[in-house]
Amino acid sequence: MIDLALLRREPENVTAALARRGISPDQVQALLTADIEHRALMQEAESLRAQVKDLSRQVGEARRAGDTARGDEIAEASKQLGDQERAATARAEEVGATVRALHLQLPNIPSPDAPDGLSEDENVELRQWWPGMDDGASFPTYGEHQRVAHWDIGTELGILDLESGARLAGSMFPLYRGDGSRLLRALTQFALDAHADAYEEIRPPSVALTETMMSTGHLPKSEDDMYAIERDNLWLIPTGEVPLTSMNRGEILNVDDLPLRLTAATQCFRREAGAAGRDTRGLLRVHEFEKVELFAYCTPEQADEAQADILSRAEGLLQQLGLPYRLLDLCTGDLGSASARTFDLEVYTPGVDRWLEVSSVSWFRDYQTRRANVRYRAESGTALVHTVNGSGLAWARIWAALVETYRQPDGTVKLPDVLAPYLAGRTTLTKR
RNA sequence: GGAGGGAUGGCAGAGCGGACGAAUGCACCGGUCUUGAAAACCGACGUGGGGCAACUCACCGUGGGUUCAAAUCCCACUCCCUCCGCCA
Numbered sequence: 288m289i290d291l292a293l294l295r296r297e298p299e300n301v302t303a304a305l306a307r308r309g310i311s312p313d314q315v316q317a318l319l320t321a322d323i324e325h326r327a328l329m330q331e332a333e334s335l336r337a338q339v340k341d342l343s344r345q346v347g348e349a350r351r352a353g354d355t356a357r358g359d360e361i362a363e364a365s366k367q368l369g370d371q372e373r374a375a376t377a378r379a380e381e382v383g384a385t386v387r388a389l390h391l392q393l394p395n396i397p398s399p400d401a402p403d404g405l406s407e408d409e410n411v412e413l414r415q416w417w418p419g420m421d422d423g424a425s426f427p428t429y430g431e432h433q434r435v436a437h438w439d440i441g442t443e444l445g446i447l448d449l450e451s452g453a454r455l456a457g458s459m460f461p462l463y464r465g466d467g468s469r470l471l472r473a474l475t476q477f478a479l480d481a482h483a484d485a486y487e488e489i490r491p492p493s494v495a496l497t498e499t500m501m502s503t504g505h506l507p508k509s510e511d512d513m514y515a516i517e518r519d520n521l522w523l524i525p526t527g528e529v530p531l532t533s534m535n536r537g538e539i540l541n542v543d544d545l546p547l548r549l550t551a552a553t554q555c556f557r558r559e560a561g562a563a564g565r566d567t568r569g570l571l572r573v574h575e576f577e578k579v580e581l582f583a584y585c586t587p588e589q590a591d592e593a594q595a596d597i598l599s600r601a602e603g604l605l606q607q608l609g610l611p612y613r614l615l616d617l618c619t620g621d622l623g624s625a626s627a628r629t630f631d632l633e634v635y636t637p638g639v640d641r642w643l644e645v646s647s648v649s650w651f652r653d654y655q656t657r658r659a660n661v662r663y664r665a666e667s668g669t670a671l672v673h674t675v676n677g678s679g680l681a682w683a684r685i686w687a688a689l690v691e692t693y694r695q696p697d698g699t700v701k702l703p704d705v706l707a708p709y710l711a712g713r714t715t716l717t718k719r
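The first sequence begins at 288 in the working numbering and counts up by one.
These are computed hints drawn from the structure, not numbers from a lab.
Built from N, CA and C at the ideal position, the CB exists for glycine as well.
Do not take every clue at face value.
Derived DEER-like restraints, expressed as beta-carbon distance ranges [what the hints assert, rightly or not]: (1) Pro703 with Arg664: 44 to 54 angstroms; (2) Ile516 with Ser458: 16 to 26 angstroms; (3) Asp313 with Arg344: 40 to 50 angstroms; (4) Asp480 with Lys701: 13 to 23 angstroms.
Here are the simulated lysine to aspartate or glutamate pairs, EDC-like style, with alpha carbons at most 20 angstroms apart [as the list claims (entries may be wrong)]: (5) Lys718 with Asp512; (6) Lys340 with Asp313; (7) Lys701 with Glu443; (8) Lys340 with Glu360; (9) Lys718 with Glu443; (10) Lys508 with Asp621; (11) Lys508 with Asp290; (12) Lys701 with Glu431.
The task is simple: from the sequences and hints, build the whole structure.
Printed below as a string of structure tokens:
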């Protein structure tokens, strides 16, 4: 949630900032109006409440003094006021619920640095990288043997079995086998080891409570994209961001512990409602995938650095894997609703000839922690911490990029040597 | 799944219908003393909302209820501990 106090103080600025991402002034005004009404009703209810409390105190005093008649009299008066108070509180709560609903619907205020734009077409490409670029090499050219889609390579080598996955759980639930399965495991380990110098490794639950999903902004906004386990009031997590952001919910962190950096490998579950049909072949878009997440709680001053660190780690992994990629600065219209600034990393996959998003590195300001109530002790009082996160990296698409990029003319796949330690030295995938 | 016990401020822990936002100890912070520190002593010391302010409201695991009045009584739920059962 955005800061309501800020909205009251600087309504024009906030309205203008939100307009950059397509929020109409009317929507902001509706919240402001409801808020004013709510506060007036609340004051009325509170003053009645104060009177009831005062009378109740007098009842006690009178009875202790032995004046029962007077006690009863005051109790009766208090009872009457109590009825009024209940009615006033009910009215205040009704409007309060409206305020909360409107407040939850407002997305985060975009960073002034985020480029303007209405859709993903206006995202700004900041740079590209490919192997040998620093030495003057040009973007790689790919041979015919690399222009084969990963689902065909996977079938041919017996390392990806989409049909079996579909038989078990429906389409878009991939099943990897043999070296394909092993490759996934290797990638996770490779990444976790790379981040172990500065990020504490966490193994969180794969499900979360409704309350937890609220904190990150995934609910109520994206309910249709989540898998729900209704009987137990649980949701399958769509990203490791969910448990990591809520890990310290309701706590006051020691400022000396900030930035508090965490990393976690988790399964990620996404219904991808409305995505049916397009870009869904093979591993392009799946309901379940594994991802290593990088996360930090930090002070506002540390946020830039924290975001830059996650971005450079994600890039570092792509470079070590030798996969060409491009870096996008998301425009205001394409920003996730909780994010103030997001950089996307897209890897190039020669077989399907596309750029695939494999990491989204975002700064959320205090939008998430205002809901999760994670604070630190500041100069005076407490302040909300900022959250930053990004993938490092999402493996399904990396898996696709690796087998397509490193396919040899003879049909085998020769993986980069950095993975050798995690594959017991066997970096060549051959037909079983 | 069954039986019992518990959940209170940063921590420990009292309170069990009315003056309780809450004793006490520890920790933390400010001060006195000291060359400095420790000890001792003095003081301050939960969070959030509303109000220009005086001030006021909410919060004692969560949600309901009883009452003029609830940390305190009642109901439901969650979590933790002990024991029993089942189990990778």
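Cross-check of the supplied hints:
1. Judged by the Cβ atoms, the range 44 to 54 angstroms given for Pro703 and Arg664 holds: they are separated by roughly 45 angstroms.
2. In this structure the supplied range 16 to 26 angstroms holds for Ile516 paired with Ser458, their Cβ-Cβ distance being about 21 angstroms.
3. For Asp313 and Arg344, the Cβ-Cβ distance of about 47 angstroms falls inside the hinted range of 40 to 50 angstroms, so the restraint holds.
4. A C-beta distance of roughly 22 angstroms is found between Asp480 and Lys701, which places it inside the suggested range of 13 to 23 angstroms.
5. For the hint linking Lys718 to Asp512, the alpha-carbon distance of about 37 angstroms lies beyond 20 angstroms, and the restraint is violated.
6. For the hint linking Lys340 to Asp313, the alpha-carbon distance of about 40 angstroms lies beyond 20 angstroms, and the restraint is violated.
7. For a cut-off of 20 angstroms, the pair hint linking Lys701 to Glu443 stands: about 15 angstroms separates their Cα positions.
8. Restraint check for Lys340 and Glu360: the C-alpha separation of about 15 angstroms stays at or below 20 angstroms, so the hint holds.
9. At roughly 7 angstroms between alpha-carbon atoms, Lys718 and Glu443 fall within 20 angstroms of each other, so this suggested pair holds.
10. Straight-line distance between C-alpha atoms of Lys508 and Asp621 comes to about 15 angstroms, which keeps the hinted pair within the 20 angstroms bound.
11. Distance check on the hinted pair: Lys508 and Asp290 sit about 18 angstroms apart at the alpha-carbon level, within 20 angstroms; holds.
12. For the proposed pair Lys701 and Glu431, the alpha carbon gap of about 16 angstroms is at most 20 angstroms, so the pair holds.
When the structure is compared with the earlier hints, violations turn up for hints 5 and 6 and for no others.
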